[in-house]
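Residue-level listing of the chains:
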Amino acid sequence: MTSVDKTAGRGSKTETLNRWWELLKNVRKERWGDPMGYLFLAPGLILFAVFQIWPIIRGFVMAFTDFAFLRQLTEPTHFVGFANFVEFLTNDRYFWPSLARSLQFTAFYLPLMLGLGLFMASAIARVGNGRVAAFFRTSMYLPVILPIAVSVLLWSVMLSNQFGYVNHLLKDILGWDKLALNWLNDKRVTLYVVALMRIWRDAGSSAMLFLIGMYTINEELYEAASIDGASGIQKWWNVTLPLLRPTLVLVLVLNATVVSAARGFMITYGIGDLGPEGSALTLGYYIWLISFYWQPLRFGYAAAMSLFLGIISALMSWVIFKVFRTERA
Amino acid sequence: MHQSDLMQRERRSRVPRVVSRGALWLFQNWLLALALFFIFMWTFMPILWAVSMSFKGIQELYGMGSMRFIPRVPSLDNYRWMFEYLPKLPLYFKNSIITTMGTVLLRTFCAALMGYAFARLDFRGRDLIFYSMIVTMFVPRAGGLMAQYELMHTLHLRNSLLGLVLLFSANLSVPLFIMRQNFLSMPREIEDAARIDGANRWRLFLSIAVPYAASGMLVVAILTFVGVWGEWLTTITMIDDQKLYTLGVGLAMFDTGGAELMQAEASVSGQGIRSAGYLLASLPAILLYITMQKYFVKGMTEGALKF
Numbered sequence: 297m298t299s300v301d302k303t304a305g306r307g308s309k310t311e312t313l314n315r316w317w318e319l320l321k322n323v324r325k326e327r328w329g330d331p332m333g334y335l336f337l338a339p340g341l342i343l344f345a346v347f348q349i350w351p352i353i354r355g356f357v358m359a360f361t362d363f364a365f366l367r368q369l370t371e372p373t374h375f376v377g378f379a380n381f382v383e384f385l386t387n388d389r390y391f392w393p394s395l396a397r398s399l400q401f402t403a404f405y406l407p408l409m410l411g412l413g414l415f416m417a418s419a420i421a422r423v424g425n426g427r428v429a430a431f432f433r434t435s436m437y438l439p440v441i442l443p444i445a446v447s448v449l450l451w452s453v454m455l456s457n458q459f460g461y462v463n464h465l466l467k468d469i470l471g472w473d474k475l476a477l478n479w480l481n482d483k484r485v486t487l488y489v490v491a492l493m494r495i496w497r498d499a500g501s502s503a504m505l506f507l508i509g510m511y512t513i514n515e516e517l518y519e520a521a522s523i524d525g526a527s528g529i530q531k532w533w534n535v536t537l538p539l540l541r542p543t544l545v546l547v548l549v550l551n552a553t554v555v556s557a558a559r560g561f562m563i564t565y566g567i568g569d570l571g572p573e574g575s576a577l578t579l580g581y582y583i584w585l586i587s588f589y590w591q592p593l594r595f596g597y598a599a600a601m602s603l604f605l606g607i608i609s610a611l612m613s614w615v616i617f618k619v620f621r622t623e624r625a
Numbered sequence: 316m317h318q319s320d321l322m323q324r325e326r327r328s329r330v331p332r333v334v335s336r337g338a339l340w341l342f343q344n345w346l347l348a349l350a351l352f353f354i355f356m357w358t359f360m361p362i363l364w365a366v367s368m369s370f371k372g373i374q375e376l377y378g379m380g381s382m383r384f385i386p387r388v389p390s391l392d393n394y395r396w397m398f399e400y401l402p403k404l405p406l407y408f409k410n411s412i413i414t415t416m417g418t419v420l421l422r423t424f425c426a427a428l429m430g431y432a433f434a435r436l437d438f439r440g441r442d443l444i445f446y447s448m449i450v451t452m453f454v455p456r457a458g459g460l461m462a463q464y465e466l467m468h469t470l471h472l473r474n475s476l477l478g479l480v481l482l483f484s485a486n487l488s489v490p491l492f493i494m495r496q497n498f499l500s501m502p503r504e505i506e507d508a509a510r511i512d513g514a515n516r517w518r519l520f521l522s523i524a525v526p527y528a529a530s531g532m533l534v535v536a537i538l539t540f541v542g543v544w545g546e547w548l549t550t551i552t553m554i555d556d557q558k559l560y561t562l563g564v565g566l567a568m569f570d571t572g573g574a575e576l577m578q579a580e581a582s583v584s585g586q587g588i589r590s591a592g593y594l595l596a597s598l599p600a601i602l603l604y605i606t607m608q609k610y611f612v613k614g615m616t617e618g619a620l621k622f
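Chains as they are written, first to last, in our numbering: chain Z, 297 to 625; chain F, 316 to 622.
Worth flagging that the hints you see were computed from the coordinates, not collected in a lab.
Fair warning: there could be bad hints in the mix.
Said to hold, decoys possible - Below, a sample of chain Z positions facing chain F; criterion: calculated Cβ distance under 7 Å:
id : residue
1  : GLY329
2  : GLY333
3  : PHE344
4  : PRO439
5  : LEU470
6  : GLY471
7  : ASN551
8  : VAL554
Unchecked claim - In the DSBU-like style, the derived pairs of lysine-lysine whose C-alpha atoms are separated by at most 35 Å in a straight line are:
id : chain 1 : residue 1 : chain 2 : residue 2
9  : F       : LYS613    : F       : LYS403
10 : Z       : LYS321    : Z       : LYS309
11 : F       : LYS613    : F       : LYS409
12 : F       : LYS613    : Z       : LYS531
13 : F       : LYS613    : Z       : LYS618
14 : Z       : LYS531    : Z       : LYS467
15 : F       : LYS609    : Z       : LYS531
16 : Z       : LYS483    : Z       : LYS467
Quantities reported herein were computed from a predicted structural model and do not represent experimental measurements.
Glycine residues also receive a C-beta, built at the ideal position from the N, C-alpha and C atoms.
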């Protein structure tokens, strides 16, 4: 090669250069593959890294500092180790009651929400007529579509003590005067009332996932079951449920978190209002108030609490995942 | 001619049968019918009640006949006075439209690009990046909102609709998953033919992949629209300036608009006006979903969500 280069002069010099370039390109291709891939990823990946990944890392670090948003200019932020965790676990009179409320809320909300979703999906999946099914699919998903503030406020109106429809129904139509409570201002029921609002809204989205799972089940299996003389409920139990398992696991894992419904309580009672005798203060709401409402916006302390809450939730979904996965085998 | 004649006759003869078949169906499936009736009442009751209230005058809302579903004297006064008493309503609408449209466009665009790259292009670290983006969904967010607040503050994106758009668009895990699934189901042959004709990647993506995955993009767009239109917690955290409130947030503040003052007006009331406002605010999302629901369910069942 080199001897040819000497005799042929400039022309073949570019040829060698080209060869080198080819070689380099091949190396690059072998190592990095199609460069267009990174170009296609770039816009989304930048957004994702800046607004999703960074906050996760930063929030995690924050949990171990005494960072307070309004104090950061006057006082330096210190790394405090586990002091935040120690503080709320031992020395915070709101923490344990609000965590208890969140757990109570979750225990009431999750089974009912998923049960209702499964019930709606099972009923609608059995409708044969396409138009009727479409109508009910829309009606089931309607609450999900409404702005959250609207759904909460609609229910607040329905449940209002004097002019609400629910109390009218209970008192004037059914005659159950004792059951006509002051729904939004009775500290015994506030938690469940707001949970019901959330159930009304969220059941549709889990129902949609269930329904999609049911639509992908092979129709022939039902026909075979019918030939064997299975009743509707038997078919549901023996065909639908087992084949719906992957969807069930997914929906369960997606929803297995400690639900605090901060939004529901904030919209119902107004931001900063803790409801009758503080009965609306769930942990999520408490965390929001500490970080964005009560001076000096103790981000570090709130982040520590939210990390604690996140770990409980992660454990919950891990347990559910394990239980349901092993049951299948 | 003959065949169409036959079809016409058949169609005509089907009409009375549908009615009796419906009755028969009800008789045989009364349990299912009961369940469906319950679903209908459960989901529609609060909405219908708001519709009813929005057409009621003050006497009917707070008077004796207030519990009738169909108002005795239906009036449009609540709608007529709505903009008078809720002067910020058009502003909220505008803010909502900007935020929602911006997010729908940006997020669908990013998700489609990324989904295509993850499904069709070959590059180093592809699967690693993909799975870490999916796993992020399940990572507990310790103070994610606080960190986002700090970040937006440093970037001067708090109290800005652009900030909201960027923040919402970055929530890419689910849309990305849907788009990747869509592009994976696209046969390679379609692309190969065009590649032989010398089209580059970008052209392939635009002219072949995007039309193919249109249903998936529609699902992403609808999910995004519905989610962002009614978003509450992030917006209330990031936006302090009332001029920048979106509908989802502004609605909850309707009460502060001097409801007592409104009652002085003879024919309208705070409650009726607010109900009208709630309905108007929900209308765009509801209409979008109703018109698109066919494609939505189709897109979801057709491989958008295969686990």
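Structure-based check of each hint:
1. GLY329: It holds, given that the least Cβ distance between GLY329 of chain Z and chain F is near 3 Å, below 7 Å.
2. GLY333: holds (3 Å)
3. PHE344: Interface hint status for PHE344 of chain Z: holds (5 Å vs cutoff 7 Å).
4. PRO439: holds (6 Å)
5. LEU470: violated (13 Å)
6. GLY471: Constraint on GLY471 of chain Z not satisfied, violated at 14 Å.
7. ASN551: violated (12 Å)
8. VAL554: Violated, because the Cβ-Cβ distance from VAL554 of chain Z to chain F comes to roughly 10 Å (cut-off 7 Å).
9. F:LYS613 with F:LYS403: Violated: LYS613 of chain F and LYS403 of chain F sit about 38 Å apart, past 35 Å.
10. Z:LYS321 with Z:LYS309: holds (18 Å)
11. F:LYS613 with F:LYS409: With Cα atoms ~31 Å apart, LYS613 of chain F and LYS409 of chain F stay inside 35 Å; holds.
12. F:LYS613 with Z:LYS531: Within the cut-off at roughly 25 Å; holds.
13. F:LYS613 with Z:LYS618: Given pair LYS613 of chain F, LYS618 of chain Z holds - Cα atoms ~32 Å apart, limit 35 Å.
14. Z:LYS531 with Z:LYS467: This hinted pair is violated, its Cα atoms lying about 41 Å apart.
15. F:LYS609 with Z:LYS531: holds (27 Å)
16. Z:LYS483 with Z:LYS467: Given pair LYS483 of chain Z, LYS467 of chain Z holds - Cα atoms ~21 Å apart, limit 35 Å.
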